[in-house]
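Single-letter residue listing:
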Amino acid sequence: MTGSALVARDLSWRVGSASILRGVSLTCRPGVVTGLLGPNGSGKTTLLHVLAGLRRPTEGDVRLGTDDVHRMRARARARAIALVEQEASTGVDLTVREVVELGRIPHRSRLPGPDGEGADAVDRGLRAAQVEHLAPRSWGTLSGGERQRTQLARALAQEPEVLLLDEPTNHLDLRHQLDFLSRVRGLGLTVIAALHDLELAAAYCDDLAVLDGGRLVTHGPVAKVLTRDLVAEVYGVDVTVEPHPDLPRPHVRWNGVIS
Amino acid sequence: MTGRACTPGAVLVAMLLLAASMAVALGIGPVSVSVGDVLAVVARRLNLGAYDVSPLDDQIVWQLRLPRVLGAAAVGAGLAVCGVVLQSLTRNDLADPYLLGISSGAAVGAVTVIVLGVSFAGLVGSAAVTAAGFVGALGSLVVVLALAAGRRGSLSPTRTVLAGVAVAQVCGAYTSLLVIMTGDSDAARRVLTWTLGSVAGLRWSSAVIVSVVAIVATAAFVAFADQLDAFAFGETSARSLGVDVNRVRWALMVGTALVTACLVAFVGAIGFVGLVVPHIVRILTGPGHRVLLPMSALVGAVLLVWADTIARTLVDGQEIPIGVVTAVVGAPFFAWLLRRTRERS
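Protein chains in written order, with my numbering: chain A, 1 to 259; chain B, 1 to 345.
Source of the hints: derived by calculation from the structure; they are not laboratory data. Predicted model, so just to flag it, every value in this text is computed and none were measured. Check each hint, because a few of them may be wrong.
Pair by pair, the computed Cβ-Cβ distance ranges are [to be verified]:
hint	chain 1	residue 1	chain 2	residue 2	range
1	B	Leu94	A	Asn170	27 to 33 Å
2	B	Leu16	A	Arg124	37 to 43 Å
3	B	Ser156	A	Ala18	18 to 24 Å
4	B	Leu16	A	Pro136	27 to 33 Å
5	B	Thr158	A	Ala223	43 to 49 Å
6	A	His171	B	Val13	40 to 46 Å
7	A	Glu117	B	Leu123	51 to 57 Å
8	A	Pro39	B	Leu17	57 to 63 Å
9	B	Ala146	A	Asp120	43 to 49 Å
10	B	Leu314	A	Pro136	54 to 60 Å
Idealized CB from N, CA, C, for every residue including glycine.
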């Protein structure tokens with residue numbers, strides 16, 4: 001699987017008199033993990049939904065290759081872009097396999113019939129997200145981390161070029177956080193992940209895009225973006241960013257809130 | 001763990017069960033007819049062979065009972081699939097076919113005709129009640145949708161449910177007032193009977209109409225099976241799976257409302273089937289709509305065939321409202337199923 005570049009041009013999104021996104025222009029490189037950072041309410045989820053084509057921007061457009069995401073047919077768009085939401089809940093008694101099979105809906109013909117390729121894609125998704133052993137389990141019995149990985153498996157069953165993740169590590173313990181993000185990295189897809197943890201962002205993202213108050217503050221490779229000044233400006237927190245003693249990436253240490 | 005029935009097999013079993021139920025139910029009544037004679041009558045009428053049947057059996061089975069049994073099955077199927085669609089669409093376990101105020105709107109039309117004894121659109125008697133009920137149902141649908149629709153044509157399930165409640169309250173107030181003001185106890189009884197539903201008035205012409213409606217509705221809703229599945233995790237998730245949420249909502253809300261309006265106009269507001277059959281079938285076959293919809297149609301049909309058989313035979317010379325029977329028979333069965341699944345989970 002290879003990804004395509006996702007290019008947002010001058011996106012604005014307003015609801016009533018509130019501007020949630022203001023002139024965001026962003027190029028997400030193909031096959032690369034872009035971390036989306038920013039404090040609560042900075043517009044990360046809204047940006048992901050606009051990038052996914054689920055919300056039409058008030059101004060600007062989003063292109064995947066040569067296609068305008070908001071003019072694509074909904075099914076074609078769902079075959080190209082998959083989203084894992086922050087929190088997925090359902091009152092329907094589905095098994096893990098049935099949840100992952102939802103990812104085949106945009107691929108299936110309207111007529112009933114066997115979906116041979118689909119079963120393979122579901123199996124691959126289950127394996128890639130490490131939930132194969134849970135396949136017959138009921139969704140209601142899963143832990144938060146298992147649910148998150150099941151949703152990832154569902155997104156992978158869509159066989160997308162672009163994978164959008166909204167705070168995917170929220171419910172995971174440390175081991176599963178690291179495991180989840182390294183798996184996502186290994187997929188070779190164009191990934192855009194809203195993240196809260198700067199250390200995780202530094203470790204697993206190639207590029208970072210930082211939002212504050214609906215504006216894109218900065219965007220670029222991790223080493224350039226993640227600086228003491230940026231974190232102070234956007235989060236109001238004093239940190240020390242230094243080369244990791246053992247690993248080839250920056251290490252973020254927080255010192256306290258700037259009052 | 002889920003212990004679900006093998007699905008294509010389950011649909012086949014349900015089809016056989018429906019056919020058997022109808023064959024047996026056709027023989028039950030003041031004059032009993034053996035299953036063999038019932039089959040002979042039906043086979044002869046369908047030109048499947050030159051069977052020797054008595055004119056009396058033919059009259060009873062083909063002219064008197066079959067329209068009613070067929071109509072009951074069709075109404076059960078139609079209400080059950082509408083219940084499935086609305087529960088999935090609104091993600092509300094308590095949704096039933098009357099969610100959009102259809103039954104109360106129909107009641108306004110039907111009760112006006114019953115109580116005031118007026119003719120409607122040049123029709124009199126039960127035809128007038130049916131026509132007025134249908135027009136009333138459409139009226140309430142239009143009002144509910146006008147109240148529920150957002151500025152940019154969106155149709156939120158919560159707003160729709162609330163608009164349905166509001167319209168139902170107003171309609172209910174009107175029908176109550178009308179019945180009380182006329183002070184005629186016979187009219188009050190007939191209104192109550194209509195409200196609880198009855199398939200006694202079905203003749204061949206109306207039975208064919210409700211059958212066509214039920215079959216077309218089930219087939220049309222099955223075509224939306226994937227889209228309905230996609231609603232499991234809510235609106236955003238459905239959108240991200242390529243579902244045009246707004247279009248599907250409008251199509252299915254209006255579709256179920258028209259089907260329900262048609263059924264209610266002929267047989268009144270039969271309760272319980274549309275609410276509970278979907279839940280029963282979900283427990284049996286799982287939530288996938290490709291199987292859930294046809295199975296619900298078949299189970300709803302079987303339930304109403306038997307409910308009507310009980311309604312017309314339990315007390316000699318008197319009809320029990322079918323809605324009472326569906327509740328009395330269905331509720332304990334549903335309670336038993338609920339307990340069973342609790343123990344399993």
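The hints, checked one at a time:
1. For Leu94 of chain B and Asn170 of chain A, the hinted distance range of 27 to 33 Å is satisfied, since their beta carbons lie about 31 Å from each other.
2. As the Cβ distance of Leu16 of chain B to Arg124 of chain A is approximately 39 Å, the hint placing it in 37 to 43 Å holds.
3. Roughly 19 Å separates the CB atoms of Ser156 of chain B and Ala18 of chain A, a value that falls within the hinted 18 to 24 Å.
4. Between Leu16 of chain B and Pro136 of chain A the beta carbon distance is about 29 Å. The supplied range of 27 to 33 Å therefore holds.
5. Taking 43 to 49 Å as the suggested C-beta distance range, the pair Thr158 of chain B and Ala223 of chain A conforms, at roughly 47 Å.
6. The hinted window of 40 to 46 Å between His171 of chain A and Val13 of chain B holds, with their beta carbons roughly 41 Å apart.
7. Under the hint 51 to 57 Å, the C-beta atoms of Glu117 of chain A and Leu123 of chain B, about 56 Å apart, fit the expected range.
8. At roughly 60 Å, the beta-carbon separation of Pro39 of chain A and Leu17 of chain B lies within the given 57 to 63 Å, and the hint holds.
9. Taking the beta carbon of each, Ala146 of chain B and Asp120 of chain A are about 48 Å apart, inside 43 to 49 Å as hinted.
10. Between Leu314 of chain B and Pro136 of chain A the C-beta distance comes to about 44 Å, which lies outside the given range of 54 to 60 Å.
The structure fails hint 10 only (numbered hints given earlier).
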